[in-house]
Structures are given as structure tokens and as C-alpha cells.
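Colleague: Here are the chains, one letter per residue:
Protein chains: 2
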Amino acid sequence: MAQNGQAGAERPQTGAPAVILVEPQLGENVGTAARAMANFSLGELRLVAPRDGWPNERAVKAASGADFIVEAARVFDTVEEAVADLNIVLATTARRRDMIKPVYSPETAAREMTARLADPDVRAGILFGRERTGLGNDEVALADGIIMAPVNTAFASLNLAQAVLLVGYEWFKLHTDGALGRETPVEAAGREGLYTAHTRAATKEELIGLFEHLERELDEANFLRPPEKRPAMVRNLRNMLSRANLTEQEVRTLRGVIASLVRNHERG
Amino acid sequence: MAQNGQAGAERPQTGAPAVILVEPQLGENVGTAARAMANFSLGELRLVAPRDGWPNERAVKAASGADFIVEAARVFDTVEEAVADLNIVLATTARRRDMIKPVYSPETAAREMTARLADPDVRAGILFGRERTGLGNDEVALADGIIMAPVNTAFASLNLAQAVLLVGYEWFKLHTDGALGRETPVEAAGREGLYTAHTRAATKEELIGLFEHLERELDEANFLRPPEKRPAMVRNLRNMLSRANLTEQEVRTLRGVIASLVRNHERG
Numbered sequence: 019m020a021q022n023g024q025a026g027a028e029r030p031q032t033g034a035p036a037v038i039l040v041e042p043q044l045g046e047n048v049g050t051a052a053r054a055m056a057n058f059s060l061g062e063l064r065l066v067a068p069r070d071g072w073p074n075e076r077a078v079k080a081a082s083g084a085d086f087i088v089e090a091a092r093v094f095d096t097v098e099e100a101v102a103d104l105n106i107v108l109a110t111t112a113r114r115r116d117m118i119k120p121v122y123s124p125e126t127a128a129r130e131m132t133a134r135l136a137d138p139d140v141r142a143g144i145l146f147g148r149e150r151t152g153l154g155n156d157e158v159a160l161a162d163g164i165i166m167a168p169v170n171t172a173f174a175s176l177n178l179a180q181a182v183l184l185v186g187y188e189w190f191k192l193h194t195d196g197a198l199g200r201e202t203p204v205e206a207a208g209r210e211g212l213y214t215a216h217t218r219a220a221t222k223e224e225l226i227g228l229f230e231h232l233e234r235e236l237d238e239a240n241f242l243r244p245p246e247k248r249p250a251m252v253r254n255l256r257n258m259l260s261r262a263n264l265t266e267q268e269v270r271t272l273r274g275v276i277a278s279l280v281r282n283h284e285r286g
Numbered sequence: 019m020a021q022n023g024q025a026g027a028e029r030p031q032t033g034a035p036a037v038i039l040v041e042p043q044l045g046e047n048v049g050t051a052a053r054a055m056a057n058f059s060l061g062e063l064r065l066v067a068p069r070d071g072w073p074n075e076r077a078v079k080a081a082s083g084a085d086f087i088v089e090a091a092r093v094f095d096t097v098e099e100a101v102a103d104l105n106i107v108l109a110t111t112a113r114r115r116d117m118i119k120p121v122y123s124p125e126t127a128a129r130e131m132t133a134r135l136a137d138p139d140v141r142a143g144i145l146f147g148r149e150r151t152g153l154g155n156d157e158v159a160l161a162d163g164i165i166m167a168p169v170n171t172a173f174a175s176l177n178l179a180q181a182v183l184l185v186g187y188e189w190f191k192l193h194t195d196g197a198l199g200r201e202t203p204v205e206a207a208g209r210e211g212l213y214t215a216h217t218r219a220a221t222k223e224e225l226i227g228l229f230e231h232l233e234r235e236l237d238e239a240n241f242l243r244p245p246e247k248r249p250a251m252v253r254n255l256r257n258m259l260s261r262a263n264l265t266e267q268e269v270r271t272l273r274g275v276i277a278s279l280v281r282n283h284e285r286g
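Each protein sequence line maps, in turn, to chains S and X. Per my numbering, the first sequence runs over residues 19 to 286. Per my numbering, the second sequence runs over residues 19 to 286.
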């Protein structure tokens, strides 16, 4: 899935949080995480003591195209070093720790980081733990807050790339005003669609022309009977056709449909 | 990452949209998609002509724990059959098609489906295309709307499980977050209004019956020509009629309209 939007392109890299993978075990997972970052315009990858060493060919391969992120990744020995230059650090975790820290969802985390990043001197990062064991308490303790995604408690585990995907998605959504998201009412989306089809919405006059054409033929066919029911039947037909938000081109098509159904059989 | 929440548990399965994978190529991807469904409490998986056949051991393996979803999956030969019993179908797609349909984000799609599903007789499903080529235009034409995720246009491609993950995430978020849940889009309220008239939304099977009835008569009338233009003409007609969100009663009325236009002139 993708958006139509320039929104992605418009988006400056500056200020986006760094993704920090703590002791990732498999190169593949670093690569797919990088790929998820690229999906949502997150450019800065930091690695803390990747288990299988660095650089890692499998990471480049799994990034399938996002290798520019993998190759620009910076490697650190400890989490402390990896977050040293950052002002706000959030830690993704699968469970509440008994620590007094704010708990964010990916969505509220994106808002919090965005608010803090309004100050150009502020830099942010997000910690993601080891595939199996996640982040240790000492590592979480370094963070200003915790990010927990709403997930079915019976099936809470997300893989590394999926965790990065959800956090990146909410960040990107916020910075592309939700793209096709919350600010786009369904109707507007529909209308927008209308205009992309190189035509315009039908005028009421054109619509009524279609209605009367159909009704004329249906009277001809004795369909709109008995007379006392005619007004309601006409109303229902007009309601149906109105709901379709027909374009001017579509009105002409439908009139062609009616004419052809009738004409054919008049000939025959 | 996981939520603290009973919210997930509270959530009834009923009404959740079915996930429909159209000609998935690799069993692994069916399994990881099922896993993503489990993360967000989506239980119903439908498969259209899985390339490597079914059942598929690799799908079960890749589901790592979500095999109950894989094993309950229903397999269909065609998309038409897979959506026959559904009232609202949304199609995930990577690009805007030259079709006139509402375009949703995963977030607005969750709201739209939730509003429509307020009617207990309404059932929803989401189409996901083939790993490489996505959904064909004729498949998208069967849908009531399109879902496009806000993604960096330079890196738009999401794998199957990730696409399911984002759609499932927004669905789950809406249904485990009172604040979001309370907002009901105006447009959706209008739609609900449709079904208060002692009738229900048409099923796709009923709609397809109407489409085929009309197309039969138009072939009869030599309207759908030249042959090379027929597919596009059919698609446009189906899109127009789909947009009207017809009720079952309205579908019967329109079939009566077609029959009467034809019959009358056959008599004459």
C-alpha cells in the first residue's frame, strides 16, 4: 500500500528520531528494520553491539533497497554511547516495567517527540530491544518514557521490523497530517476521486435529465404502477442514482445504457 | 511491544473484517499475515487460489502460534466467491486507480468499517493483493473503496504481512481506544441511515447478480463494444453501481427496471 502523496517527499529528514537497535541478533532483522524505516522516511539507524558483527551482508540483502540506511548505520559498544548526543529517548517494550516513566503509544510517542523536536537543538531516538529478550531494565532506565503498542495481549509479540514499522508509521502519519488519514472525510475522498478521473461531478440539471429519461421509459414500460405508488417509486430511483455521486460522463453513459436497452428491442 | 490492556480481551470478534488474500504466492507470507492478524484480534482469514496450494505447511510454520487462524482459513477459487457474503469490501492498493471510489487510509478505513458494521447484518472484508503484482483492476472494481497507507513514496512497498499489520493495527486501535471510538464520521452516520428502511445492505453476490444481469442485456443490445473496450466499460458500470451502496431491496428494484425496459419492447 502507498499514498498518492507528495507528503512523503515534502518531509524533511531533519528532526526525525534515530532508530536504535540494541544487540540485534540476526542481520536479516536489521535489514528489514531498515526497510521499515525507509517506508516512513526515518533515516538514522544506530546499532548497539550487533551479535553477528558489523558490517553484515545479510542486513544489506534483507534491506532490499534500503541498504543506504544500513550502510550509514553507526555502531556503538553500549546503549549509553548510542544515546549520548540525544535529548529525548523512548524505549519500546512489551510490558510495563515497575518504573515511574510516562507510557506512550506509538501515536502519542510521535506527538511527544514532535513537540520536543520543535526546538531545533533537540534530538530524539527510540530504543528497540533484542529479538528474544527485549531491553534490560537498566537500558529502559536510560529512557525518558516507554512506548507500548496496543496489541492483542494474547498475541503481543511483534518482530523487530514490525515494531519499527508501527512507530515509524505513526511518526510519518503525524508528519504527513495523516496523509489520507483523519483529516480526509470519506465524502471528500470520494469527490477527490471524482476529479482525478478527468471529469466533473454532474450538475443537478444533468442528473434530472437522467431521472426523467429513465422515468419516461419506465412509464412507457408500465413499470411505475399503480399510479398511487409512482411518486414513491420515482423517489427511490432518484435516491439510488443520487447516492452514486455520478460524474457528467457517467450520466451520459447511463443515458446511453437506457437508450440502448430500449432501442435494441424496438428494432428487434 | 504490547498493551497493558484488558481492552484487547474485552473486544468481541464479531464484526471484525475478514482478511482476504488474493492469490498469495508464498505460504510463509500467508503465515506471517495470519500472525499479524492475531496481533490485532482479526480472526477470519480467506484465501483466493493460493499459488502453492492448500493446506500449506509453511504457512502453519510461519504463523508461529497463529496457526489456529491459518487452519480455519477458507479457500475460494475466485475473488467473487470470496466476497459473496460480504456487504462492504475495501481493497488495499499501492496506487490510486483510475476508478471513482472513496480512498481511505488504514485509520479512516477502520472508522468507515466500524460505522457500517454498527448494523449487525453487515459483514466486511479487506482485499490484499499478490506479493508482486497486487490486485487487478477488476478485483479492485468489486470493492466499495480503496485503502492506501501513508508511506514514503520513494519506498512505498510493504510486504503482505506489513500491509495486514497496519490495517489490523488501526482497526484494533480504534476498538481499544474509547476516545477514537466515540468519533463517528458524519458520512458514516448518513450511511447507517440507509439501512433503517427495513432492508439491509446488498451482499456482493446480489450486486454481482445485478451487474451480470445488466451486462447480459447490454451485450444483447451490442452496447458493450468494441470488444477491446468491453472490460473498461463493464468496470465503469460496476463502479458506478457499487458507489450507490445499494440495499438488497434496491438491487431487486434495479433488476426489475432492466427487465421491464427490455421486456416491454420485446412484447411491442
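These are computed hints drawn from the structure, not numbers from a lab. Hints are supplied without guarantee of correctness; some may be wrong.
Said to hold, decoys possible - Restraint ranges, calculated between C-beta atoms of paired labels, are given here:
| no. | chain 1 | residue 1 | chain 2 | residue 2 | range |
| --- | --- | --- | --- | --- | --- |
| 1 | X | Asn240 | S | Gln267 | 16 to 22 Å |
| 2 | X | Asp116 | S | Asn155 | 39 to 45 Å |
| 3 | X | Arg113 | S | Arg248 | 41 to 47 Å |
| 4 | S | Glu238 | X | Gly61 | 41 to 47 Å |
| 5 | X | Gly71 | S | Asn105 | 52 to 58 Å |
| 6 | S | Arg243 | X | Pro249 | 49 to 55 Å |
| 7 | S | Asn105 | X | Ala102 | 44 to 50 Å |
| 8 | S | Gly227 | X | Glu89 | 53 to 59 Å |
| 9 | S | Pro244 | X | Arg273 | 19 to 25 Å |
| 10 | X | Asp116 | S | Asn105 | 21 to 27 Å |
| 11 | X | Pro245 | S | Arg281 | 16 to 22 Å |
| 12 | X | Arg273 | S | Glu238 | 16 to 22 Å |
| 13 | S | Gln267 | X | Gly274 | 37 to 43 Å |
| 14 | S | Pro120 | X | Glu230 | 18 to 24 Å |
All C-beta atoms in this analysis are idealised placements derived from N, C-alpha and C, irrespective of residue type, glycine included.
Colleague: It remains to establish, for every hint, whether it holds in the given structure.
Modeller: Going through the hints against the structure:
1. X/Asn240 / S/Gln267: 16 to 22 Å: 21 Å, holds
2. X/Asp116 / S/Asn155: 39 to 45 Å: 54 Å, violated
3. X/Arg113 / S/Arg248: 41 to 47 Å: Holds: the Cβ-Cβ distance is about 46 Å, inside 41 to 47 Å.
4. S/Glu238 / X/Gly61: 41 to 47 Å: Taking Cβ atoms as reference, glutamate 238 of chain S and glycine 61 of chain X lie about 52 Å apart, which means the hint is violated.
5. X/Gly71 / S/Asn105: 52 to 58 Å: Once the Cβ atoms are compared, 54 Å apart, the range 52 to 58 Å for asparagine 105 of chain S and glycine 71 of chain X holds.
6. S/Arg243 / X/Pro249: 49 to 55 Å: For arginine 243 of chain S and proline 249 of chain X the Cβ distance comes to about 37 Å; the hint is violated.
7. S/Asn105 / X/Ala102: 44 to 50 Å: 55 Å, violated
8. S/Gly227 / X/Glu89: 53 to 59 Å: 56 Å, holds
9. S/Pro244 / X/Arg273: 19 to 25 Å: 20 Å, holds
10. X/Asp116 / S/Asn105: 21 to 27 Å: 47 Å, violated
11. X/Pro245 / S/Arg281: 16 to 22 Å: 20 Å, holds
12. X/Arg273 / S/Glu238: 16 to 22 Å: Check passed, 18 Å falls within 16 to 22 Å.
13. S/Gln267 / X/Gly274: 37 to 43 Å: 26 Å, violated
14. S/Pro120 / X/Glu230: 18 to 24 Å: 57 Å, violated
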